[in-house]
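Colleague: Chain residues, written in single-letter form:
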Amino acid sequence: MKHRIWLVLGLITLGLLAGCASSGPERDINDPTNSLVFGYIDMDDAPTKVSSAWMVQVAPPSDTPYWGLGVSKGLFYNSYLPPGSYQLSKFGGSGFFAGQHEYSFPRQGNQTALRISKPGIYFLGSYKYKKAKSGMFEQGKFKIEKINKPTEAELLKRILDESSDIKDSAWGNKIRARLAQLKS
Amino acid sequence: MIPRRLTFTRARLAFTGLLFIGARSACVGAAREPVDSLSGLGGDETVVVGRIELVPPLRKDEQKLKGLNSGSFENKVFLLADEHYRVLTEEPGMADYAGRIEAILGKNFFVRSHSKPFFILGGMMYLDLGGREMNRAYFPGGLKVSIKPGDKAVYVGTVQYHRNEFFEVTKAAIVDDYDRANAEFKKKFGAKYPLRKALLTPVK
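Quick mapping for you: the protein sequence lines, in order, are chains U and F.
If you want the numbering used here, it's the position in the first sequence, counting the first as 1, plus 996.
If you want the numbering used here, it's the position in the second sequence, counting the first as 1, plus 32.
One thing to keep in mind: the hints can contain errors.
If you anchor each label on the Cβ, the simulated ranges turn out as follows [stated by the list, open to error]:
# : chain 1 : residue 1 : chain 2 : residue 2 : range
1 : U       : 1129      : F       : 118       : 17 to 25 Å
2 : U       : 1041      : F       : 148       : 46 to 54 Å
3 : F       : 118       : U       : 1058      : 37 to 45 Å
Computed footprint of chain U on chain F, listed as stretches where at least three residues anywhere in the stretch have a Cβ under 8 Å from a Cβ of chain U [unchecked claim]:
# : stretch
4 : 165-175
5 : 187-200
Hints are computed from structural coordinates only; laboratory data are not their basis.
For every residue, glycine included, the Cβ atom is placed at its ideal position computed from N, Cα and C.
Build out the structure end to end from the sequences listed, making use of the hints.
Modeller: This is the structure:
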């Protein structure tokens, strides 16, 4: 019975998260004010992989500050963020034995803080999950450490390869131009 | 940065954590007591008067407090204070909160202290509390409160913490707002005892 209660709570939470996903991005992918924001997280040392990711808009103030990110094997991205200030808010993931996990980032001292003043392509960086020491009654803690691989170019290529929506949109040419710039 | 991981199977622990927070207010040493009357002030005690401000001010939706008693944390900064100066290098523990000053943002505090100098080691404010996340913002300290023997009341100034949208403190300034504080002091306590100006000074 206890397990069922947690399952129900988990389903309710997933429902709420799905609500958040649809609340943010009501924008055309070809909107010229869009920015593409992306990054990578290596979760090899984490209890689960990442299956959902969220950024929070901290400025300008918004009633719907959470923006869902596309997630694929550690790569996370959003291609329709308007100008503003953002940071990673949380990752979610689940595993058969590990159960449902949520990885929350702090609101202060968040190393993924990003200010978008003009539309463009923004690389948040590649990170690796590391477990951090926590007290007996505390929630589990973790930290993320910046890593060199995969590179910005490798991830942009993956976005083109894995998302036909992005490849076939105005982003296709912009990403190719950025790749050329990174190559030179 | 120490992000937090919450598992649904550990949600019960999070609930325990909330109980723990409630219990913590009972476990940690007492805060410096707010003073309403100077008649109860001991011979070796001083009223410390000051104010904390955020620039820009806290927006209504920036602090998310839920649950029983969480309202008591609204707009409140916990100033960690000690007679012995030290630098806090990690998240403060329960012991660090003993003797704290509980300051409501934008309002003068009037708290009872021993008539000895002490130090503001740092500050903390809850940003998220009572939901599935707990987030705190920390503020820098390293400030000395210069109380002299015989002081009945000292004014330490307004600490303005300038911050950006990511809650990073970009500047801390001590502002002399003595006239306004003194007017409130006289209204509250009368004119029998002067409010000596002794603005906070950075620890060298």
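Colleague: If a hint holds in the structure, say so; if it does not, say that too.
Modeller: Comparing the hints with the structure gives:
1. U:1129 / F:118: 17 to 25 Å: Once the Cβ atoms are compared, 21 Å apart, the range 17 to 25 Å for residue 118 (chain F) and residue 1129 (chain U) holds.
2. U:1041 / F:148: 46 to 54 Å: Cβ of residue 1041 (chain U) to Cβ of residue 148 (chain F): about 48 Å, so the range 46 to 54 Å holds.
3. F:118 / U:1058: 37 to 45 Å: holds, 40 Å
4. 165-175: Held - the stretch 165-175 of chain F has 6 residues with a Cβ nearer than 8 Å to chain U, which meets the minimum of three.
5. 187-200: holds (count 4)
When each numbered hint is compared with the structure, no violation occurs for any of them.
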